[in-house]
Structure formats: structure tokens, C-alpha cells
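Chains as they are written, first to last, in this note's numbering: chain W, 1 to 159; chain D, 1001 to 1333.
Just so you know, these hints were derived from the structure itself, not from any lab. Don't take each hint at face value.
Derived, one-sided and incomplete: chain W residues facing chain D with beta-carbon distance under 8 Å [as the list claims (entries may be wrong)]:
hint : residue
1    : 16
2    : 17
3    : 23
4    : 63
5    : 87
6    : 89
7    : 91
8    : 94
9    : 97
10   : 98
11   : 106
12   : 107
13   : 111
14   : 113
15   : 131
Restricting the straight-line Cα-Cα distance to at most 20 Å, the calculated cross-link-like pairs of lysine to aspartate or glutamate (EDC-like) are [unchecked claim]:
hint : chain 1 : residue 1 : chain 2 : residue 2
16   : D       : 1248      : W       : 24
17   : D       : 1156      : D       : 1143
18   : W       : 130       : D       : 1143
We put the CB at the ideal spot given by N, CA and C, even for glycine.
Listed below, chain by chain, are the residues.
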Amino acid sequence: MSSINRKNLTPAQQQYQDFAHAREPQRPIFANCVRAFIAGGFICTIGQAVQLFFITFFNFNEKTAGDPTVAVMIMISVILTSLGMYDHLAQWGGAGTAVPVTGFANTIASASLDSKSEGFVLGVGGNMFKIAGPVIVFGVFSAFVVAIIKVTIKSLGGM
Amino acid sequence: MLQGHQTWIFESKPVIIASAAVGGPFEAKGNLADDFDVLHDDIWLGQDSYEQAESKFLEQACETAIKKAGLKKEDVQFFLCGDLINQIIPSSFTARTLAIPYLGLYGACSTSIEGLAIASLIVDNKFGNNVLVGASSHNAASEKQYRYPTEYGAQKPPTAQWTVTGAGAAVVAQQGEGPRVAAATIGRVIDMGLSDPFNMGAAMAPAAVDTFEAHFRDMQIDPSYYDLITTGDLGKIGHRIAGDLLSKHGINLPGEKWTDCGMLMYKAEQPVMAGASGCACVATTTFGHFMNRLRKRELRRILVIATGALLSPMSYQQKETIPCIATAVAIEM
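Based on the sequences and whatever the hints tell you, model everything.
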């Protein structure tokens, strides 16, 4: 809890929170980091293998193989989500399964699955970006800001 | 009769003539599988949505309880029910099916015991002969509403809890055989400023302690009066905090007499983090497991302190803290 929030608490509340906090197990941050490294690395290794596969057996080069690779990774993630397996992998892998493109596919697929009972338009269509939406909004916005900075520096004679 | 500040004593001691618990596949693998009347291997129950499935769980629990009581729907005057879904639709839809005059309740995970207290009040005052109490929750429906989509890969912290899929129901009557409701203590809403929905146990523990102390103060009895005192769904972390808070206040309870429904429900190897939660946690444990133990006379007197976290997904997003409640009911055999 941030210090700003703490200021609004009464002394009794603060005292209790310290009391409770001492009895709560903390998130195992170090173990989570190690697992995220292994899980994320594993997913990226598969991605690398898929990319090499496209380069070796099909008419792709390092630059163009990216698109079909991402499509394959998204498909794998969506299938695992649909089979109810991705959330179990994520409980173990944490950020390692959330950060790569597979995590992004999981957010959209899982939200779509849950909303199907509310119909295809208002349910699936309306909710599929429930979790992915903020990622897209702020991703596009930060790209825009970075691009503005780059253009400004360039026009001032930098780089 | 009012006793002290907030406790009702039921002079006629209304009887729980029948009770039923229905659970899902995850509950079937748990500790209390033998205490369920019906266990399903599918959380959908052949329905098109989780919410409809929850209604089916509830309907089945209610119908089983009425049948076990040897009654017909027409013999039940009132139906008191609640759940966790927005606008308590599983309860209201079940009331539509049962066609019994209905009062919808909301006390989050404490709803079943809130219902039991009010049902006993109705029966004790002869405003009804047979009153049906029910409560339900559904893991996937709750996850979808309160947290993230069910298949979304978010890592849960060790303080998180697992919502029970199922429903519990009981018939409270003026006469008959079975465990009797002796008293109920209605709790205050307590908010200690916690706001993490993945740490409900710590948020609810002070409410449980407040109602606990109110009960013994009003009743002027000692905790040793009961064979077992159970909290609702604090889970192992919240339960430990509540126990330590009571020790701090000079009340030491021996481990075998002080338990929690959220800790009893599942086996240690099931991935439920801190334990079970949800309306169905207290409902199925009390109306299944504890009723069976009372009927077998393994237990004579128990106190169930059901806890509820009165937050909504919106209040959490608006950075509100979590107000909590606890309702206690004393049941005797």
C-alpha cells in the first residue's frame, strides 16, 4: 500500500494492517523472477524454432519470417487457452507467460471465451479487448509520444 | 428475544429439519466430498452460461432439502436466498422456479448464515412454519465478475482464495428432528482499510473477531460452551490473523475447537492458495458437513461465524477499501 493511502487510515487501521501484514505470506518475488525467466525464455525459444522452420523450409528470410512466426505463436496460445491450460502455465510462469505475444493472445481469447454467453456482438465483440484494450491504447499512445520526440530531435539536427 | 446489543435468542429453538449441499468437480476432489448430497463432474451442468449453471446448483440444493424434509414446495412459506452474482440473479431465478414467497439477501459469503438467522427469527416468532434458506456461488461466474476471465493467465498471490462451486440449502421448521438454532449475533460492518481483493482473509478477520466478541459478551458465556467455533471463509491466512487477534484480546482457543470452512473444504494438494471462499463455502460446509456431524452427535454445540467481504468490482476499481461483515449462528443438537 502506498504512503498516500496510508495517511488516510486511522491509527487503529494502521496498527491492524501491520499486524495482518506480518502474518501474510509474501509473493515469492525471486522465485517468480526465475520462473518468469525460464517460462519466457522457453516460449521465445519455441518462437525462434518456428522462425528457423519458416526460413529453412519456406521462402522466408529473417525479416519476413516474423509475421508467420507470430501467427503460429498466437495460434498455440489461443489453443492452449481454449483447452484451459494457459492459466495453469501462467500460475507457474507469471510474467514469463504474460509478456510475449502469447500472453497478449491469451488476454483476448480468455475474455472472448467468458463473454460468449452474452452473444457474439455485445459479448465477444464488446468484451474481447477488456484486458488487451488498455495495452493497445497506451501502447499506441506511447509509440506516438516516442515518435514525436524522435522527430523533434532529428529536426533539431540530432542523431 | 434481544439479548445484549445485537444477539437474538430463539426461545423455541427452530429446527433445521433437513439440509442439502451440492458441489462441482473440484469440490468432489476435496476434503468434504462425502458430505455433499450431489456432486457434478461438470461446472456447466449442461447450461449455456456459468450464471445459469449456478441457478441449477441452487435449484437442486433447494429441491433436495425440501425432499429430504419430506415436504412439498407448497408446505414452505418463505424462501431466503442470496449469492454473489450481480443483482443476485441465481437466487431470484431459483425463487421463480420454486414459486415460494421470496426474500433476496446479500451478505456476500456470509449470506447463508444471514439467511439462517432471519429464517430462525421468522420461525421462532411463528411468522412461518417452514422456511427455506439457500446460498450459492460458482467459481467461474465469480472469477468472471470480480476478477479476470477464467482462462486469463494472471498469477495469483499466496493470499488468494478459491470460490466454491456449489450451493447449500436448509429447511428451518417449528417442529421436528434435527439440529436446532439457539441464537444468532448480527455483526457490524468493519473496514480496516484493506483494499486488495486477492487478500480477503486479512480484510474479513477483524469482522469475524468483532462478531465473535459481541456474541460472547451478549450471551455472557465462555467460548468453552461450544464444541466447535468455525469462521466462514477466512482461509488459512485470515483464520490465523483472527486467532492471533483473539489471543491478543486474551482469548485463546484450542486448535481442535477453532476452525474455518475455507480451510476444511479442500485438500492440501489442491491449488487453492489460502483456501476456499464464496457463498457456497459456508453454505455447503454448514448445511453439509457440520449438519452431518451434529446429526451423528459428534458435535453438540457449534458456533458458525460466517464472514463476507462487501466489495464490488466497481468499488475496487474506484480505490475503495473493503468493508466486511460477520454473522454468527449458534446451532445445537
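A quick look at each hint next to the structure:
1. 16: holds, 5 Å
2. 17: holds, 6 Å
3. 23: Nearest chain D Cβ about 5 Å off; hint holds.
4. 63: With a minimum Cβ separation of about 30 Å from chain D (threshold 8 Å), the hint on residue 63(W) is violated.
5. 87: holds, 5 Å
6. 89: holds, 7 Å
7. 91: holds, 6 Å
8. 94: Result: holds, 4 Å to nearest chain D Cβ.
9. 97: OK, holds: residue 97(W) within 8 Å of chain D, min 5 Å.
10. 98: OK, holds: residue 98(W) within 8 Å of chain D, min 6 Å.
11. 106: holds, 5 Å
12. 107: holds, 6 Å
13. 111: OK, holds: residue 111(W) within 8 Å of chain D, min 5 Å.
14. 113: holds, 6 Å
15. 131: holds, 6 Å
16. 1248(D) / 24(W): With Cα atoms ~17 Å apart, residue 1248(D) and residue 24(W) stay inside 20 Å; holds.
17. 1156(D) / 1143(D): Given that 20 Å is the threshold and the Cα spacing comes to 12 Å, the pair holds.
18. 130(W) / 1143(D): holds, 14 Å
The structure is inconsistent with hint 4 alone, although it conforms to all the rest.
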